[in-house]
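Got chain A sorted already, so can you dock chain B onto it with the hints?
So the sequences go chain by chain: A and B.
Once you know that position 242 of the first sequence is 256 in this note's numbering, the rest is easy, because the numbers rise by one and skip nothing.
Once you know that position 13 of the second sequence is 68 in this note's numbering, the rest is easy, because the numbers rise by one and skip nothing.
Rather than coming from a laboratory, the hints here were simulated on the basis of the structure.
From a predicted model like this one, the values you see are computed outputs, not experimental measurements.
Note that beta-carbon positions come from the ideal geometry of N, C-alpha and C, so glycine has one too.
Treat the hints with care, since some could be wrong.
Some chain A residues flagged as far from chain B (calculated, every beta-carbon gap over 10 angstroms) [said to hold, decoys possible]:
1) ILE47
2) LEU120
3) VAL121
4) LEU204
Taking lysine to aspartate or glutamate and the DMTMM-like style, the derived pairs with C-alpha atoms no more than 20 angstroms apart in a straight line are [what the hints assert, rightly or not]:
5) LYS223/B - GLU173/B
6) LYS20/A - ASP151/B
7) LYS115/B - GLU290/A
8) LYS202/B - ASP58/B
9) LYS127/B - ASP271/B
10) LYS127/B - GLU290/A
11) LYS219/B - ASP312/B
12) LYS27/A - ASP143/B
13) LYS31/A - ASP257/B
14) LYS289/A - ASP125/B
15) LYS27/A - GLU111/B
16) LYS31/A - ASP143/B
17) LYS115/B - GLU292/A
18) LYS33/A - ASP151/B
19) LYS289/A - GLU111/B
20) LYS33/A - ASP257/B
21) LYS20/A - ASP125/B
If you want the building blocks of each chain, they are given just below.
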Amino acid sequence: MTYSIKRVQFLIKNEIKQKWRIFLIVIAISFAIAMFYYFNKGFSIASLISSPSFPTFGNSGFSLSDSTGFKFHLNWLPQVMLYAASILTSLAFSEYHERESATFNLVTPATQIEKWSAKAFLFIIIFPILLIVFYQVFIWFTNIWGTPDGMTQVSVNIFDPYFYGFYKDTILMQCLIFAGAILYKKYSILKILLSLMGLYMLYNFFTIVSLAVINDKIDLFGDGSVLDLFSLEKAITNSKFRINNDESTFMGIPYQLFMYLMAFISIVFSYLRFKEIEA
Amino acid sequence: MIDINGLSFGYSHSGNLFKSLDLSIVPGKIHGLLGLNGAGKSSLLHLIQGLRFANEGSIKVFGLSPMQRDIKHLQQSFLLPEEVYTPDIALKQYIDMYSPFYPLFSLESFLQFLNEFELEGSAHLGQMSMGQKKKAIIAFALATNTKILLMDEPTNGLDIPSKKQFRKILSHIIADDRTFLISTHQIRDLHSLIDNVIAISDGRIIFNQSINEIVDKLQFSLDGQPSTEEDLIYHERVPGGYLNIRPSTGVPSFEPDLEVLFNAIMTNNTAINQVF
Numbered sequence: 015m016t017y018s019i020k021r022v023q024f025l026i027k028n029e030i031k032q033k034w035r036i037f038l039i040v041i042a043i044s045f046a047i048a049m050f051y052y053f054n055k056g057f058s059i060a061s062l063i064s065s066p067s068f069p070t071f072g073n074s075g076f077s078l079s080d081s082t083g084f085k086f087h088l089n090w091l092p093q094v095m096l097y098a099a100s101i102l103t104s105l106a107f108s109e110y111h112e113r114e115s116a117t118f119n120l121v122t123p124a125t126q127i128e129k130w131s132a133k134a135f136l137f138i139i140i141f142p143i144l145l146i147v148f149y150q151v152f153i154w155f156t157n158i159w160g161t162p163d164g165m166t167q168v169s170v171n172i173f174d175p176y177f178y179g180f181y182k183d184t185i186l187m188q189c190l191i192f193a194g195a196i197l198y199k200k201y202s203i204l205k206i207l208l209s210l211m212g213l214y215m216l217y218n219f220f221t222i223v224s225l226a227v228i229n230d231k232i233d234l235f236g237d238g239s240v241l242d243l244f245s246l247e248k249a250i251t252n253s254k255f256r257i258n259n260d261e262s263t264f265m266g267i268p269y270q271l272f273m274y275l276m277a278f279i280s281i282v283f284s285y286l287r288f289k290e291i292e293a
Numbered sequence: 056m057i058d059i060n061g062l063s064f065g066y067s068h069s070g071n072l073f074k075s076l077d078l079s080i081v082p083g084k085i086h087g088l089l090g091l092n093g094a095g096k097s098s099l100l101h102l103i104q105g106l107r108f109a110n111e112g113s114i115k116v117f118g119l120s121p122m123q124r125d126i127k128h129l130q131q132s133f134l135l136p137e138e139v140y141t142p143d144i145a146l147k148q149y150i151d152m153y154s155p156f157y158p159l160f161s162l163e164s165f166l167q168f169l170n171e172f173e174l175e176g177s178a179h180l181g182q183m184s185m186g187q188k189k190k191a192i193i194a195f196a197l198a199t200n201t202k203i204l205l206m207d208e209p210t211n212g213l214d215i216p217s218k219k220q221f222r223k224i225l226s227h228i229i230a231d232d233r234t235f236l237i238s239t240h241q242i243r244d245l246h247s248l249i250d251n252v253i254a255i256s257d258g259r260i261i262f263n264q265s266i267n268e269i270v271d272k273l274q275f276s277l278d279g280q281p282s283t284e285e286d287l288i289y290h291e292r293v294p295g296g297y298l299n300i301r302p303s304t305g306v307p308s309f310e311p312d313l314e315v316l317f318n319a320i321m322t323n324n325t326a327i328n329q330v331f
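Pulled out of the complex, with its shape left as it was, chain A reads as follows (with noise of 0.2 angstroms):
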């Protein structure tokens, strides 16, 4: 197999050349994003991150503070970052889904791996890193200029270990999302958040499932809606499951399998599709 790195270079920096702007304009609307939200204090950021219903980011363990400060930079921003990262992504495979720029694509001398493979790394490695940098940027700028009524001030960088599951979740996340750009050619980031979403829903209710099999507390139809058996949450809170640490630890463990196993099939999957592309 022919796979030169020079070529995969050329190919980065010319996504590059061409994607500047909307990477830029993404960067930008999430930024002013994050900081009205900030600064507003009408809307008092303080109280929402506080509250039990604010999501946090997946299950990196973000407990060894409860303060505002720190809920706002390891659930608030991350997550507006994730999804500018998201929208980012969606828009991977864009000129393959229109003719004339698909032609032009397609017939540029560069081997199928070498094309796919400059995108995998401009998208899943370097955008993420790009915006974690750009994160350190904003962390900065919050200490220069203090913070809201309600927030403590916090010292935080990019490289605290308490980053790390969210940089991992953010990886296994945009090869889900790279593959949805291929496959979807509009509104690719709609189809690809419901798709995740479906994907979330079909994990919870096989784990609930899984979970009522060793757990025999759990009468999957007879307490409750129906509906719960997509939510683990309400699953794990519900006081009649009575679900004890094993248990917990058990449901832990399949999601970090579940995710690896997603990425990796959606990095395969981006491939495949991605070799099968006509103009």
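Below, chain B alone, put in the same frame as chain A:
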């Protein structure tokens, strides 16, 4: 150089476009690919370049299957589509970005072709008209020095002086190891260039002859009225009378009018092919 055997291909919505199509294209010539709208000229070029995949049969370019999009194939074969895609960047940047992929690209030739098309090397693709963009990409395509150049309606959108320049450039750069396959409806734009006429209809090649063969075997004559001779193959009213096509009798003939020949192939293909 290009060998197609038993090719079947179709779009899912419209049945088979090609049915067991065979074609062999030799180097050193400019081949004109003619056909009615929807006959599959562009699709054939796309199949040769690997942009579409055949349902059945085989296509070999330099002995390689275009479906693999092998680097050796892509570096030696350039497809100029009818509607060119140009990123919104300066022409100089375009060269910096894409010329490294073509090992035989000549910047000197590119600038020369640009000059002949009266384009500036410092121009921005986003600020060019469609015709200017096409000329810029034609200049790039020719400067890649690929062994195969597939062109889909290359003169569409070009002004009259540019068409003349295009013919001039093409006639100069054709070489024994290069092949140009040009799909066109504007046969009069290119009639002086074409060495070999290929006509496609009903999913197969219905005519494939060199201009030398055509001159040898067919006689074109301009007469005051349609010929009534039994061996007349085709006649068509043209400015100045009727152009009659009949088997050659050795009498010096008019230069073949490829547009009239194409009409003859479409209407009386059996008689035409019996002559060859």
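Report the numbers of all earlier hints that the structure fails to satisfy, in ascending order.
2, 3, 9, 13, 15, 20
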